[in-house]
Each structure stands twice: as structure tokens, then as C-alpha cells.
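Chains as they are written, first to last, in the working numbering: chain L, 37 to 508; chain G, 113 to 354.
In case anyone wonders, no lab produced these hints; they're calculated from the structure. In this text, all values refer to a predicted model and were calculated from it rather than measured experimentally. A portion of the hints provided could be inaccurate.
Claimed, not checked - Pairs of lysine-lysine residues, derived as PhoX-like cross-links and limited to a Cα-Cα distance of at most 20 Å, are as follows: (1) L:Lys41 - G:Lys232; (2) G:Lys232 - L:Lys38; (3) G:Lys313 - L:Lys38.
Listed below are the residues making up each chain.
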Amino acid sequence: MKILKLSILELMRRPKKNMLIASSIVIAVALLTSLSIVSNSANLAIMEIIAKTGHTLTVRPAASSSGANAGGKGQEYKLTTSEVVLGSYIPEAAVPEIMKNYDEAIKAGWEKKGGLVSNPGVPGVVLEPATWAPRLFEKAEVNGQEVIVTGIELRKEYFVRFWWNLTSGQWPADTDIKDVNTNISTQYKLDSHGNVVIDKTSYGVDSSGRIIAEEEKKKDKVAPVKPILKGWDDAYLGGAYAKARGLKLGDRLAINKTEFTVRGILEETNSADDYMVFIPLSTAQSLFRKEGLISLVSVRAMCPNCPVGDAMVELNKNVTGITAVSQLDVAGVQFDFFNMLYKFLLAVVVSTIAVGIFSIFNIVTGSLYARIREIGMLKAIGASRSQLFRIFIYEHFILGLAAGIIGYLLGLGMAYILNTLLDIGAVIRISTDFLPRALILGVVCSLVAIIYPAYKLSKLKITETFRTQWES
Amino acid sequence: MDNSNGTAFLELKNVNKTFNLSYGEVTALEHVSLTINKRELVALVGPSGSGKTTLLNIIGSLDRPSKGEVILEGTRIDTLSEEELVHFRREKFSFIFQDAKPLRMLNVLENTLLPFNFFKPKNRNGNIRNEGIEIIKSLGLGHRLYHMPSQLSGGEIQRVAIARALITHPAMILADEPTANLDRDNRLFVIETFRKLSKEKDIAIVLSTHDLEIANRADRIVHLKDGVFLKDEAIACPPCKV
């Protein structure tokens, strides 16, 4: 304890020099902390996206300019399925053809896998069918200000974007996942050879909702499709948009001079959805004179192992005029990119730390050798080699610990800057998980720099230190 | 060469010390034999390079002789391990340096008690802190107890070094040029304090000096030149000779 007190007093005696030593460690710790936080936040965000949308396919016009910002500059998270496609369209009439190709590709994918992976070898097993949710994007004047208005089929949209929640208002009464499932009845079965077969007779609702519905009507097997939104003038608002405009439930909106009523406000999802106004697809089509056209279709495959990647490849190969993107692939590419970026920056940080330790080593060595007379005196009055060594170690342990704490706090701030500078756009998640690592790094950097000179000095013969003193 | 006039405390027998330097071997001490008794104040006198510091180092077990023996109270100490010597030095010796350098972050009292940060005092009755205060007061620094070294004069700093040397109750104090940087009043104060301590507390004190006025106040003067023992002169009435 007495030696610890000496170490603390010694640290306080040389505040400037110790601050200089600590600053190198602070920078190293701050860099690593910020990098870890940003990387972790980005990876977590990607993992969430993969978890949410991993088995989602987006089909959009081939020449579309995707990824347009819906209004929340700097706040839009890029890895979402909420692409905005403006000025390019897919005819709804083309959707059955796309679905057909999709189904064939999925079937071929299963066959390639040797059968249904989720339920192998169980004849007659029924898989959940895919859900197709069309969207129509248009820029429009809402209450005198330009915003992206998106036409959707709410029940399907809600099913594809199952993470959607309302902060106020409620979904239409018939918006229920089970209802959606029962209305869609495409089934995948295994034949007697264990291969996947598609039962066309129970072919149900498609994204256009019309062609198949008419066929179903003829067959009198499936009830007519219910209106997707009960009111043609119902509007649902993205959370950020509602907040920015101060809109609440029941407010009236004028979209291109047509009045709508706010029926619900969506919880923010850090996606382009947060800045949009959602109205029924059919209303949007007539309001913007885009009857029979949609901007994109999101497809949610209803099985965890569905070969969505295969479907994407097949669609891009076989259907002209569209581009299919698997979100799993997008997220995977982003994941790989972030990992590569993380490794690169980690190498930079490790190099910085190495240089930092070397400079600390030089400062510390100079600082310790300036204390050689004091060391000789301490030895002469009874300090043992191990006690002297402990004085140096305690000093630098405390210094490293303090530098670790400061570096951690600085790193938290730097994480936000790094996130902005590198345009990563992740939501920074502050976690104390990195604090122990920051402290360990601070202490290790400090001790690595001190151990060798401390060992050498404590090992010096007493007369070697005295010679300097007594001959002065 | 044995001019002992009391109980033999430390004995050097035919001590040689050579240093291997880059330009060759240098002999610092040659065939030095010396006995130091308890309660004796001995002054080592000689020009620079005569071997005073080397002799002090060997007496205080800070260095080992190349040849010869160092015997303290019947125990040969030049063959002890470094670990044994640390404990040995704590019990037997105290050192005072020319440039006393107390630790700058400790006050006068804390500097005096500094050795007990490294080992516990043995066979002590009473409060060590109070004893430290008494020693400081006896050295005329009672009003400086909690002052920092930066607030002290050179003479006062040297008294702090003496207080630190006394707190461990050493059998021998070794002082290398302890009066070199002091004015005459302070020089005389230091040497008189040494005289008093050696007699009152049974401490053998060996100091090196260039100053004959100081040396003449010792019980004995040992003259060295070029590492060779020249003369061991007993002072009959040290204060009278001044």
C-alpha cells in the first residue's frame, strides 16, 4: 500500500510528462473503441436486416435508379428492403410471369438441394407460400410539400414487413397474418420420388390480385379478394415524417389536392419507410394515373432455407426488363464489405498502437533514466529490486487505466464521427462491453512500454546509480 | 594500521578493487586494511580519484572488493548474496549523499519516514511517526515538518537526509561529501551533529571530505591517494584542533 502511495505521488509529480505518455494510449484506445463500436453497430444492423429480410427478394424495373433517398438525408439506413424506385415501372400484367419463373426457380433450387431441407423425406409436407407485395412510388405534394407517396396493398405489405409496428392508430380489421396465409394457397409438396411439385389447382392470390382472383372466381374455390385497405382515402405515415410535420391520428392530408385521413403512424425502422406516406395501391394508381403499373414487388419466401438466391439468378436470366435482388445477398455483400473495412482499419489501428507503444517506450525510458539518482537513493535506503519494479508497474498500471477510461469515452464520441465520415449510416449502439477491452488495452500498452526499462533500471547495481550521483 | 580505540565494528582486510573499463583495467583501491569501531567518527580524506567513494561503497556493502575481506561484527559480508545484502543494509547501514535529494513529492516528515515504506522497523517501542518528529526537531527543523523539499535550503535538505539516516537506528552511517555544497555554518552543524550522534547513539560514522576543517573534527582521519592507504591519523581532541 505504501509503495502504491509512492507510485500515485510520483504520477502526480510529473503531470505534463505523464499526460504526454497517456495521450498516445488515449488515442490508441479511442481509435480501437470507436472502430469496434462502429463495426459492431454495423454488423448488428446487418444481422438484423438479414434476420428480418434474409429471405426477401425485390423485383424492380431493370433501368430503375434504386436507393433514392426518401427525405431523411443522413438518417436512412441503406441495408433495407425499402428501396425507392421512381420513374420506372413494371406492368402488373407481367407479375404472373415473374411469379411463374420464381416458382420454377424455387422448385429447381429444392431439387438441386435434394428435396425440402426444412422437412426432408416427409411426403406431402406443405410449405408456406411466398407473399408478393407490390409498391408504387411517386413524388407528390402533400400539404404543399414534396414527399414520396407509396401505394401499397397493406395486408401483403404488413406480412412482408412483419417488423412494422404502429405507434398510434390501428391496422384495418382484416389485416392479420393468418388471414393472409389462408388466402394464399400456393403449396409445395413432395412427389412420390421426394421431389417438389407445385399444385397449380390451389393457385391463389398473386400480387396483382386480379387475374388469379378472376380465375379463382371462375373455379369458385376462393372467395373474392377483400379490399386491402377499407377506405380508399386511408393514409399511414412513416414515423419520422409524422414527427417532422407534427401529424397525428385523424389529421387530414391533401395529396395532389385529394383529401386523405391519417389512420396510423408507423414506428421508425431507420429505413426510407420512415419518411413516406402510404396509401392504398389502387388509389395511388388512379391518383397518379399509373393504372396497371407498379414500381417494384417485394417477395417474402416463407421458408428459412428457400433457395431465394437461385430464384434471383433465374429471374434475372429469364425475365427481361426486371432486376431481382436478394436481400440476403445484398446484406452478405455489405457484411463482407464491413468486415474487410474493419480488418483494414484494424490493421491501421494496430500499426498506430505499435508506433504509439514505441514512442511511449522512448518517453518512458528517458523519464525513468532521469530518475536514476532517485532510484539509487531508494535502493540505498532499503528498497529491494522487486519493490522498485513494483513502483514503476503501479505507476504505469494507473496511467494505463486512466488512459483507457479517457480513451473509451473519447472513442464513444469518435464512433459517431467515424460513422459519419465513412458514411456507414449504422445506428451507433453504445455498449459497456467495450469498456473492459479499452481498460485492458490501456494497461497493456502502458505496461508493455514500461516493463523493459523498469526491469533494466531495477536491476542496476546500486553503485552504478550512485556513480552518477556521487560523481556529479 | 589498526588505530582502534573502541569496540571493533567493521574490518577491511587487504582490500583491492579494480574496474574493467573500455580502455583497460583501473585499480581504485590497493591493499587497504582498516578497522572501524563503534562510536567512532572517521573522515576519509584525499584528492579526487583517490578512492574515497570506492572505499565507502565497499564499507557500506554497496560494492564488493575484487580481493580481500569485509567483516562486520564477525560476519564476512562481501560474500553475501544481493538479497541478503538488502536485508543486511536495512539493519546496519544508513547513507547520506552529497546531493541529498529527498523525494520531491514528500514533505520533511514523510521523507524522514521513507525507509519504512520498504521495510518494517524492528524492535521498536513507541510511535515511529513521533520518533521521526523528535529526530527532526533535534536537528532544528521542528518548524519545517510538513514543508516540501522545494521550500528548504541546502543545509535544511542535508538535515532531512540525516534525519532519514537516523530513523532506522543504523549501526553505521556512511556519508559521501555530506558538507560539500553547504556554507560554513551548516558544514559545522553537520559535523557536530555527526560527532554527537556517534557518541550518544553508539553509531560508527564514516564520511568522505576534501575539507580539512571538517576532517579535523573527526576522531580519525584516513588519508588516501591513488587508491593507496597513506596514513591513519587519530585526532586526540578533535574540537581542540580546530
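Results of checking the hints against the structure:
Between L:Lys41 and G:Lys232 the CA atoms are separated by roughly 16 Å; this keeps the pair inside 20 Å, and the hint holds. The suggested pairing of G:Lys232 with L:Lys38 holds, with an alpha-carbon distance near 11 Å, which does not exceed 20 Å. As the CA atoms of G:Lys313 and L:Lys38 are separated by approximately 29 Å, the hinted pair breaks the 20 Å bound.
The structure fails to meet hint 3 from the earlier list, while all remaining hints are met.
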